[in-house]
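Number of protein chains: 2
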Amino acid sequence: MKELIERIKTDGRVLGEGVLKVDSFVTHQVDPVLMTQIGERFAECFADSNITKVVTIEASGIAPALYAAQFLGVPMVFARKSKSLTMNEELLTSEVYSFTKQITSTISISRKFLSAEDNVLIIDDFLANGQAAKGLIELCRQAGANVEGIGIVIEKSFQDGRQLLEDMGLKVVSLARIESLSNGEVSFLKEDA
Amino acid sequence: MKELIERIKTDGRVLGEGVLKVDSFVTHQVDPVLMTQIGERFAECFADSNITKVVTIEASGIAPALYAAQFLGVPMVFARKSKSLTMNEELLTSEVYSFTKQITSTISISRKFLSAEDNVLIIDDFLANGQAAKGLIELCRQAGANVEGIGIVIEKSFQDGRQLLEDMGLKVVSLARIESLSNGEVSFLKEDA
Chain F
1 MKELIERIKT DGRVLGEGVL KVDSFVTHQV DPVLMTQIGE RFAECFADSN ITKVVTIEAS
61 GIAPALYAAQ FLGVPMVFAR KSKSLTMNEE LLTSEVYSFT KQITSTISIS RKFLSAEDNV
121 LIIDDFLANG QAAKGLIELC RQAGANVEGI GIVIEKSFQD GRQLLEDMGL KVVSLARIES
181 LSNGEVSFLK EDA
Chain P
194 MKELIERIKT DGRVLGEGVL KVDSFVTHQV DPVLMTQIGE RFAECFADSN ITKVVTIEAS
254 GIAPALYAAQ FLGVPMVFAR KSKSLTMNEE LLTSEVYSFT KQITSTISIS RKFLSAEDNV
314 LIIDDFLANG QAAKGLIELC RQAGANVEGI GIVIEKSFQD GRQLLEDMGL KVVSLARIES
374 LSNGEVSFLK EDA
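Line by line, the protein sequences are chains F and P. Mapping of the first sequence onto our numbering: position 100 corresponds to residue 100, and the numbering continues sequentially without gaps. Numbers given in our numbering equal positions in the second sequence, counted from 1, plus 193.
There could be a bad hint or two in this list.
Now the in silico label distances, taken between C-beta atoms and shown as ranges [unchecked claim]:
| hint | chain 1 | residue 1 | chain 2 | residue 2 | range |
| --- | --- | --- | --- | --- | --- |
| 1 | P | Phe-381 | F | Ser-115 | 27 to 37 angstroms |
| 2 | F | Gln-102 | P | Gly-377 | 41 to 51 angstroms |
| 3 | F | Gly-16 | P | Lys-383 | 46 to 56 angstroms |
| 4 | F | Ala-193 | P | Glu-237 | 46 to 56 angstroms |
| 5 | P | Glu-378 | F | Phe-99 | 28 to 38 angstroms |
| 6 | F | Asp-167 | P | Leu-363 | 47 to 57 angstroms |
Straight line, CA to CA, 35 angstroms or less: simulated DSBU-like cross-link-like pairs of lysine-lysine [stated by the list, open to error]:
| hint | chain 1 | residue 1 | chain 2 | residue 2 |
| --- | --- | --- | --- | --- |
| 7 | F | Lys-171 | F | Lys-2 |
| 8 | F | Lys-112 | P | Lys-383 |
| 9 | P | Lys-305 | P | Lys-364 |
| 10 | P | Lys-214 | F | Lys-112 |
| 11 | F | Lys-2 | P | Lys-305 |
| 12 | F | Lys-134 | P | Lys-305 |
| 13 | P | Lys-195 | P | Lys-364 |
| 14 | F | Lys-9 | P | Lys-305 |
| 15 | P | Lys-305 | F | Lys-190 |
| 16 | P | Lys-294 | P | Lys-327 |
| 17 | P | Lys-327 | F | Lys-101 |
| 18 | F | Lys-112 | P | Lys-305 |
| 19 | F | Lys-112 | F | Lys-101 |
| 20 | F | Lys-171 | F | Lys-112 |
| 21 | F | Lys-101 | P | Lys-214 |
Hints were generated in silico from the structure; no laboratory data involved. Just so it is clear, CB atoms sit at the ideal spot from N, CA and C, and this is done for glycine as well.
Here chain F stands alone, though its shape is the one from the complex:
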């Protein structure tokens, strides 16, 4: 996605090998204009897939997932990383290891928001090793929901997340695909959309 790639070139920062910081427009400060374009693009890519729900994980997945859901005309559900006192009904849960934070989190979604009738588009801001997406897929499968595909804002193509998801038979759409972050430079692969 041209607008996203241009923005990464302008405002992304490489912090050592493997870390791309996009906190001025995606992960901390959010640009609603770019995020609207991102959501619209995801919706175009899955327009014919009869998506009934967009699923993501807090916190930085929420913005792209919300706009994707808006353009698809369906609700968005975000998995939580910690249990709230008012989230006391039956939960779908799975474990996700975060290499960034070096912790394992239990992520959860209330069972009432996913069912066997759902056809889910999973959205996340980053795809690296695929652990967060895998955790979300696990939640959907516990509910008997079908996962139709995965929409990723920024894919670190030099890590194995995409392979993991494609090996599960899933369609993966990444709007920016990073081939390498070596020597402080961002090199891109041809993006999916």
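Fit chain P to the given chain F structure using the hints.
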């Protein structure tokens, strides 16, 4: 805001005294249509305030804050409740006690996203005792930014958060004001907008 109040009447659930659950359209599953209307209403209420940035706190503040920012044509920044490994620059931090989760969190925003030039609209999904809003105000003040006002989706008017914020001289706009949750019933005060 009529659409929000009708939705609370239809889909909100009272769990004992003081707890209103709106997880099917605000705090866990999110309705992008209603959230768009909420953001647009906040933007109307602060249209003449020269807002430069919308600030909220993860996770359920993100959706209303994002749409408010979109309609105001400014960026949105969400405070984090835990420190990420890639958030290594200078941070603005404050302490927030959550009665819902019964924990004190350190919330933080990177200093580079708030400055003395900023005129901030703070948005949150709930206002109860005002501790989260107070923490966000504290972050803004550390940066020398002006807080122009507070936009709240659902105010628990039987708690003292609004008084706390008004005593600080701040304009508070709440789209739904809950007078009471006694006997499993939601009663509303006249809303601000």
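Hint-by-hint comparison with the structure:
1. P:Phe-381 to F:Ser-115: 27 to 37 angstroms: holds (31 angstroms)
2. F:Gln-102 to P:Gly-377: 41 to 51 angstroms: holds (44 angstroms)
3. F:Gly-16 to P:Lys-383: 46 to 56 angstroms: holds (55 angstroms)
4. F:Ala-193 to P:Glu-237: 46 to 56 angstroms: violated (34 angstroms)
5. P:Glu-378 to F:Phe-99: 28 to 38 angstroms: violated (48 angstroms)
6. F:Asp-167 to P:Leu-363: 47 to 57 angstroms: holds (53 angstroms)
7. F:Lys-171 to F:Lys-2: holds (21 angstroms)
8. F:Lys-112 to P:Lys-383: holds (32 angstroms)
9. P:Lys-305 to P:Lys-364: With Cα atoms ~26 angstroms apart, Lys-305 (chain P) and Lys-364 (chain P) stay inside 35 angstroms; holds.
10. P:Lys-214 to F:Lys-112: holds (14 angstroms)
11. F:Lys-2 to P:Lys-305: holds (26 angstroms)
12. F:Lys-134 to P:Lys-305: The given pair, whose Cα atoms are some 33 angstroms apart, holds under the 35 angstroms limit.
13. P:Lys-195 to P:Lys-364: holds (21 angstroms)
14. F:Lys-9 to P:Lys-305: OK: Lys-9 (chain F) and Lys-305 (chain P) at ~19 angstroms, within 35 angstroms.
15. P:Lys-305 to F:Lys-190: Within the cut-off at roughly 32 angstroms; holds.
16. P:Lys-294 to P:Lys-327: Satisfied, since the Cα-Cα distance of roughly 17 angstroms is no more than 35 angstroms.
17. P:Lys-327 to F:Lys-101: holds (27 angstroms)
18. F:Lys-112 to P:Lys-305: violated (40 angstroms)
19. F:Lys-112 to F:Lys-101: holds (29 angstroms)
20. F:Lys-171 to F:Lys-112: holds (26 angstroms)
21. F:Lys-101 to P:Lys-214: Measuring from Cα to Cα gives roughly 30 angstroms; hence the hint holds.
Checked against the numbered hints given earlier, the structure breaks hints 4, 5 and 18 and satisfies all the rest.
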